[in-house]
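Enquirer: One letter stands for each residue in the lines below.
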Amino acid sequence: MAFLEIENLNSGYGDVNVLSDISLSIEKGEIIALVGSNGAGKSTLLKTISGLLTPTSGKIIFNGKDITGISPDKIIRDKIIHIPEGRKLFSDMSIEENLLMGAYSRKDKSIMKDLDNTYLLFPILEERRKQKAGSLSGGEQQMLALGKGLMGDPDLLLIDEMSLGLAPVIVDDLISIIKDLNASGKTIFIVEQDVRLALENSNFAYILDTGSITLKGKSEELIKNPDIKKAYLGM
Amino acid sequence: MTLQILINGILKGGLYGLMALGMSLIWGVMNIINIAHGAFIMIGAYITFLLFNFTGIDPFVSLIFSSSIMFLIGYTIQRGIINLVIRAEIFITLILAFGIEIFINNAALMIFSADVRKVKVSYGASNFNMFGVTIPYVRLIAFLLAIAITIILFFFMTRTKSGRAIRATSQDLDGAVLSGVRVSRIYAITFGIGTALAGAAGTLWAIIFPLSPTMGGSLTLKSFVVTIIGGLGTMLGPVIGGLTLGIVESFGTNWFGTTFESLISFSILVIILIFRPKGILGKGKE
Amino acid sequence: MKKNLLLISILILFSLSPFLTSNNFLIRFLTDILIFSILASSWNIIGGYTGYASFGNVVFFGIGAYSTSILMSNTGLGFFVSMILGGIIAALFALLMGLPILRLKGHYFAIATLGVAEAIKALVQNLNITEGNSGIYLPPPEMSVDGIYTFFFYVTLIVLALLLFLTSIIFKNKFGYNLKAIRENEDSANSMGINTTIYKSAAFSLSGFFSGLAGGIYAFQQGFIKPEPVFNVLITIKMIVMSVFGGLGSLFGPLIGAFTIETISEFLSSYFLVAHTLFLGIVIILMILFAPKGMLDIFINIRKKGLSYFRKNIEEHRV
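Chains as they are written, first to last, in the working numbering: chain A, 87 to 321; chain B, 862 to 1147; chain C, 55 to 373.
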């Protein structure tokens, strides 16, 4: 069985169903991408995995454990960390406090060591550690969001719309950090509107269209697929 | 004479600040206006009165008991009742808090009767003179304790994990949930702290002023005034608001007479709301 | 339509009650229900239709009561003239108070209205013309004892009928749609070119006018008024609870709420002399927990969903 296994998942907001019969699997150590246009239900899927939304039917199995419908704090302790769209940082709190909030559900002794590692990864955050999160630029905020996610010591990292509104240079930096993290053993699930970016930097990808998965395959193959070229890559 | 009025106002203002601290915390974090706040202050005052009368425990010592009992009461009420409707429209939680207030006030009326009581400590009347100003010891100690409690809360909110979680929850609810914060628990703790602060204020109130089961209503309204003057979202707000109200009230009643006390505070409330709804220091949402 | 017909026939039967019973106590009780129906329906105009939860509507009731009393005892004007003038004064006060306060939203509006009501109470307690805390006596109505009960019943009924008639017309017209637009989203109502200030103020004044009339009736009926009971915040709470209980923003909802809550109150106070207000607190808590959308919503949905209706209501609003 795969690291994360989703079977026939249905989910949405209140009485409105957004996702219908989603099945996908994520193997350990990979970078998996979920791509699709605005409103396809990408964020809904992530919110359902992280427990913000309760599915109406279907199963989510992580590391051999059924985590369907359990509360977000338990899912975080199972080491799935969700970095949401819009980052959802605590803008009136300092950078360091935001990072410490990332480790909120941990009780182990190596939190301070991870804080140092995060600062090594993002030196700019250490420079400004006393500064309020709200005072950072968009790119710096995304770094903080990533750092805050890492402070939770994730096995699986869910990243929603990381590139949205950021300059290409900064996106490149973030992508190379994500690849390093992946190389160090973290499994990563990225959700992107920027289809090219996602396919160029992942091993495997799923295409989501109006709540259903319409296509899946190795990223290097999907990027050559004529339908995808036409629909998403503007060629 | 002017100096005496000013000092009186400052001493009372410190207590007003403590009274409003809990209300402002609950309002800022959960967006609930706790109409029952004054009723919680009243319970705190009666805990002190009962402990003093039946066990002889010094009222200043009973601060520990009143605040811990009130924490438990607040935690339970939030967990069991308010959390169930917290995302409903705002006037729903307001009405609910009114229901709780009506219940508490009338229960207290049945238990304690409408009689006005007083905590008569032996040192109640001692005072000292400085620069021609008379300062009663109890008022000075109550003032210093009120400030000390505010400082302790400040350190709790900024230096502890739970304090950080409370601030995080008030700033971004989803962000807090995705950090592993159990919001229902944090809300219950916050409400508990808010009512514990009300309990502490009640104790200090009982040492200085007479108490009755119906005292809560006007204290709730005074807490509003202080919260509104100081504005939401800062720790300093209630202190500034409390001192402002204390001083204005002290001079106002000196000029117009004590019967105008509540008219003065409500006029301040309305004027501040009209001209500066976020308060002097506030950054809360409008 | 069938539902309205049923309601109208109940109302007609209700309106004939002075001829159906000679029990003055009962007629007096029904008059109280009518007074609260006026108050709750008035609150519904600003709180339910417009979405501005006023926590100080008792101030209009109090101003109406005091204006009527002062006019009757000092100028010798008759009851009807005094009552209508009382309503007009309350409406003007609503207009004046609304100009700054209706710019506030949510909690701030609620607190500001509560503050104004308390400030006016404090003022009335300290003014000479209102006789402070000692209160004002009104000239008694010159009628037979039975006649008095019937008189107040019909005066109240006529005012309520007028209020319902006006609101039913208004809310089918542009005025009503604009108020609804303000409730749903005031910013977009503004950008659609609706002058929200005018409409909000008009709704608030209308609410104030009828609450003022109710105050006038109450004062003449009591024969003596004091600041504390007339400006009691509990009256505002009852208006809101009745409107919520009956269903917000509906024409007959507040009437159903007034009838239910007053009956429960009356029942409680006849059985529990001391504790009845305490039970009222419990009723409010239970209502908010189990019927936050009102009785009508329960009746409509409970047949379909059964007890899971209550669970779903709570699931929707808890954390």
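Since the hints were made in silico from the structure, they are not lab data.
Quick reminder that beta carbons are idealized off the backbone N, C-alpha and C, glycines included.
Hints may contain errors.
Stated by the list, open to error - Label-pair restraints from in silico Cβ distances:
1. A:Asn203 to B:Arg1020: 40 to 46 Å
2. C:Ile62 to B:Gly1078: 36 to 42 Å
3. B:Arg948 to C:Gly132: 49 to 55 Å
4. C:Arg365 to A:Asn96: 45 to 51 Å
5. C:Arg82 to B:Phe921: 51 to 57 Å
6. C:Ser362 to A:Leu207: 47 to 53 Å
7. B:Phe1136 to C:Leu149: 45 to 51 Å
8. B:Arg1020 to A:Ile256: 31 to 37 Å
9. A:Lys218 to B:Arg948: 23 to 29 Å
As the list claims (entries may be wrong) - With a cut-off of at most 20 Å between alpha-carbon atoms, the simulated PhoX-like pairs for lysine-lysine come out as follows:
10. B:Lys1022 to A:Lys199
11. A:Lys315 to A:Lys304
12. B:Lys1139 to C:Lys159
13. A:Lys316 to A:Lys304
14. A:Lys195 to B:Lys1139
15. A:Lys218 to A:Lys160
16. A:Lys160 to B:Lys1139
17. A:Lys193 to B:Lys1139
18. A:Lys114 to A:Lys304
19. A:Lys302 to A:Lys315
20. A:Lys218 to B:Lys979
21. A:Lys216 to B:Lys1022
22. C:Lys234 to C:Lys347
23. C:Lys234 to C:Lys159
24. A:Lys145 to A:Lys165
25. A:Lys165 to A:Lys315
26. C:Lys359 to C:Lys347
27. A:Lys165 to A:Lys151
28. A:Lys114 to A:Lys165
29. A:Lys216 to A:Lys165
30. A:Lys160 to A:Lys145
Enquirer: Now look at each hint and say whether the structure bears it out.
Expert: Hints, verified against the model:
Remark: the range hint 40 to 46 Å for Asn203 (chain A) to Arg1020 (chain B) is contradicted by a beta-carbon distance near 23 Å. Between Ile62 (chain C) and Gly1078 (chain B) the beta carbons are some 41 Å apart, a value that agrees with the proposed interval 36 to 42 Å. A C-beta distance of roughly 52 Å is found between Arg948 (chain B) and Gly132 (chain C), which places it inside the suggested range of 49 to 55 Å. At about 21 Å, the CB distance of Arg365 (chain C) to Asn96 (chain A) disagrees with the hint of 45 to 51 Å.
For Arg82 (chain C) and Phe921 (chain B), the hinted distance range of 51 to 57 Å is satisfied, since their beta carbons lie about 53 Å from each other. Between Ser362 (chain C) and Leu207 (chain A), the C-beta spacing of about 49 Å keeps the proposed range 47 to 53 Å intact. Between Phe1136 (chain B) and Leu149 (chain C), the C-beta spacing of about 20 Å breaks the proposed range 45 to 51 Å. Look at Arg1020 (chain B) against Ile256 (chain A): about 33 Å separates their beta carbons, and that is inside 31 to 37 Å.
As the Cβ distance of Lys218 (chain A) to Arg948 (chain B) is approximately 28 Å, the hint placing it in 23 to 29 Å holds. Between the alpha carbons of Lys1022 (chain B) and Lys199 (chain A) the distance comes to roughly 17 Å, so the proposed pair stays at or under 20 Å and holds. Restraint check: the Cα-Cα separation between Lys315 (chain A) and Lys304 (chain A) comes to about 15 Å, which is no more than 20 Å; the hinted pair holds. Annotation: proposed proximity of Lys1139 (chain B) to Lys159 (chain C) holds, straight-line Cα distance about 12 Å (limit 20 Å).
Using a Cα cut-off of 20 Å, the hinted pair Lys316 (chain A) and Lys304 (chain A) holds, with the two alpha carbons roughly 18 Å apart. Using a Cα cut-off of 20 Å, the hinted pair Lys195 (chain A) and Lys1139 (chain B) is violated, with the two alpha carbons roughly 42 Å apart. With a C-alpha separation of about 29 Å, the suggested pairing of Lys218 (chain A) with Lys160 (chain A) is violated against the 20 Å cut-off. For the given pair, Lys160 (chain A) sits about 38 Å from Lys1139 (chain B) by alpha-carbon distance, which is inconsistent with the 20 Å threshold.
With a C-alpha separation of about 39 Å, the suggested pair Lys193 (chain A) and Lys1139 (chain B) falls outside the 20 Å cut-off, and the hint is violated. As the CA atoms of Lys114 (chain A) and Lys304 (chain A) are separated by approximately 15 Å, the hinted pair is consistent with the 20 Å bound. Between Lys302 (chain A) and Lys315 (chain A) the CA atoms are separated by roughly 14 Å; this keeps the pair inside 20 Å, and the hint holds. For the suggested pair Lys218 (chain A) and Lys979 (chain B), the alpha carbons sit about 48 Å apart, so the restraint of at most 20 Å is broken.
With a C-alpha separation of about 17 Å, the suggested pairing of Lys216 (chain A) with Lys1022 (chain B) holds against the 20 Å cut-off. Taking the CA atoms of Lys234 (chain C) and Lys347 (chain C), the gap is near 18 Å; set against the 20 Å cutoff, the hint holds. At roughly 16 Å between alpha-carbon atoms, Lys234 (chain C) and Lys159 (chain C) fall within 20 Å of each other, so this suggested pair holds. Of the pairs offered as hints, the one joining Lys145 (chain A) and Lys165 (chain A) holds, with about 18 Å between alpha carbons and a cut-off of 20 Å not exceeded.
Taken as a hint, the Lys165 (chain A) and Lys315 (chain A) pair is broken in the structure, with Cα atoms around 35 Å apart against an allowance of 20 Å. Only pairs whose Cα atoms come within 20 Å are accepted, and Lys359 (chain C) paired with Lys347 (chain C) is accepted, the gap being roughly 15 Å. Among the hinted pairs, Lys165 (chain A) with Lys151 (chain A) is consistent with the structure: their alpha-carbon atoms are about 12 Å apart, no more than 20 Å. Restraint check: the Cα-Cα separation between Lys114 (chain A) and Lys165 (chain A) comes to about 13 Å, which is no more than 20 Å; the hinted pair holds.
Between Lys216 (chain A) and Lys165 (chain A) the alpha-carbon distance is near 27 Å, which puts this suggested pair outside the 20 Å criterion. Note on Lys160 (chain A) and Lys145 (chain A): the hinted pairing holds, with a Cα-Cα distance of about 16 Å set against a maximum of 20 Å.
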